[in-house]
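Q: In order, the protein sequence lines correspond to chains A and B.
My numbering applies: residue 1 is where the first sequence begins, and numbers increase by one.
My numbering applies: residue 1 is where the second sequence begins, and numbers increase by one.
Quick caveat, the hints were computed from the structure, so don't treat them as lab data.
Glycine is no exception: its CB is placed at the ideal position from the N, C-alpha and C atoms.
Be a bit skeptical, because a hint or two may be false.
[As the list claims (entries may be wrong)] Each pair of labels, with its calculated beta carbon distance range:
hint, chain 1, residue 1, chain 2, residue 2, range
1, A, Arg-7, B, Asn-39, 49 to 57 Å
2, B, Pro-96, A, Val-64, 41 to 49 Å
3, A, Val-12, B, Lys-211, 22 to 30 Å
4, B, Ala-178, A, Trp-52, 34 to 42 Å
5, A, Pro-46, B, Ile-251, 31 to 39 Å
[Stated by the list, open to error] Listed next, the stretches of chain A that the computed footprint assigns to chain B, with coverage defined by at least 3 CB atoms under 8 Å from CB atoms of chain B:
hint, region
6, 44-53
7, 60-74
8, 77-85
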Amino acid sequence: MKDHSLRSSKSVFEFYLWGVLVGSIWCSLYISWWLDLAQGIVGLPPLFIWGWFAPFVMVNNAIVTAIVGPALAYVLYPPVKRWGLHWSDRITFIEKS
Amino acid sequence: MSFEYGLYVPGRSIFHRIDPRAKVIWALMVLAFSIYNGNYVMNPIYGGIIYASVLIALISSKPTNFWYRLFGGLSATILFFSLIFWPASAPPGGEPLLTIPVLGWKYTDLALRLALSKAFLVLSPIIAIATIFITSKPGDLFQALVRWKFPYRLAYIPILALRFLPTVIVEIRIITDAQRSRALELEKGSIPSRIRKYVAVFVPLMIRMMKSALELGVALDSKGFGAMKTRTFSRELKWRIYDTLILIMFIALYVITLIVVTRFLAW
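One chain only, chain A, in its complex shape (with noise of 0.2 Å):
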């Protein structure tokens, strides 16, 4: 996602795509996974963990991110601009000779 003003069709339907689907499987899936790998510590049963835990989350991430978070981006995405607090402006890549 490169443009996250959300004053684009592009913009919106990139933000679908990978902040409300790709981001809310690859949340759930990587919870889970953790969760899984370290049952020993946790204590969790693996069928709660896939069965209910990951499609909670997912499901749960997706609702909320696809109803709040373009209009709050959408509100928000000015005045972090402007105060430079974007992290496009916080972070410089170095680039390869």
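Chain A is already provided as a structure; the job is to place chain B on it using the hints.
A: For chain B alone, coordinates are given in the frame of chain A:
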């Protein structure tokens, strides 16, 4: 629900008076014994004893009702899910205790042992770690981490998050009241529309928090935060014999009960 001191609840209990380092060691001990029990011994009575010890620690700290409700709900939820899901991973064999008529699922004593031990493995360390935060001031925890040779700039991050918690809660309360006075009805409408209404709370909250983060950065810079490699404290933590005794008492409790439960009790 009042968080004017963050997670810390002021008091003069035994746990309030002991060194934060002793509390962290105690929580690690609870975690270690819970892992040992949950994975190797699988004795629900021993798991229950560890759980009871952390509950006593929590109750003796006299936290607010919020914590009782939170851990009561959490205990019920974890026990419920553990009893439902763990039997699927239980080892074969054992005495059948219950058979679900239509589905034909058998609930054996091994499944019950596994489910209860794993439930206590989840619950005990969570309550122990929460007790640390309830009974220790964020500044003392920060000092404990620094004393353990954590780089203080790194140790400051989680402590700062704890410090900001009450600020965020107060801000949410102020913004919600302000928006309500402008006729924003947060309690009415469908769930998606209610979530959307919260945008009117989140936007000013984010902007105010970003402003305070910027101000905090300036304040830290102006005080020379990070300029020196070591850091001094106006009120230094002191490890006393009292802290050692409390730790020895807990070790003795966990080791002796482990021996008694595994050697002399059938379950």
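Q: So, for every hint listed, does it hold in this structure?
A: Consistency of the hints with the structure:
As the Cβ distance of A/Arg-7 to B/Asn-39 is approximately 53 Å, the hint placing it in 49 to 57 Å holds. Under the hint 41 to 49 Å, the C-beta atoms of B/Pro-96 and A/Val-64, about 43 Å apart, fit the expected range. Separated by about 28 Å at the C-beta atoms, A/Val-12 and B/Lys-211 satisfy the suggested range of 22 to 30 Å. The given range of 34 to 42 Å is respected by B/Ala-178 and A/Trp-52, whose C-beta atoms sit roughly 39 Å from each other.
Checked against the given bound of 31 to 39 Å, the beta carbons of A/Pro-46 and B/Ile-251, roughly 32 Å apart, stay inside it. Requiring three or more residues with a Cβ within less than 8 Å of a Cβ of chain B, the coverage given for the region 44-53 of chain A holds, as 7 such residues are present. Check result for the region 60-74 of chain A against chain B: holds, 6 residues qualifying (beta carbon to beta carbon below 8 Å, three or more required). For the region 77-85 of chain A, the proposed coverage by chain B is satisfied: 4 residues have a C-beta within less than 8 Å of a C-beta in that chain, meeting the threshold of three.
The structure is consistent with each of the numbered hints, conforming to all of them.
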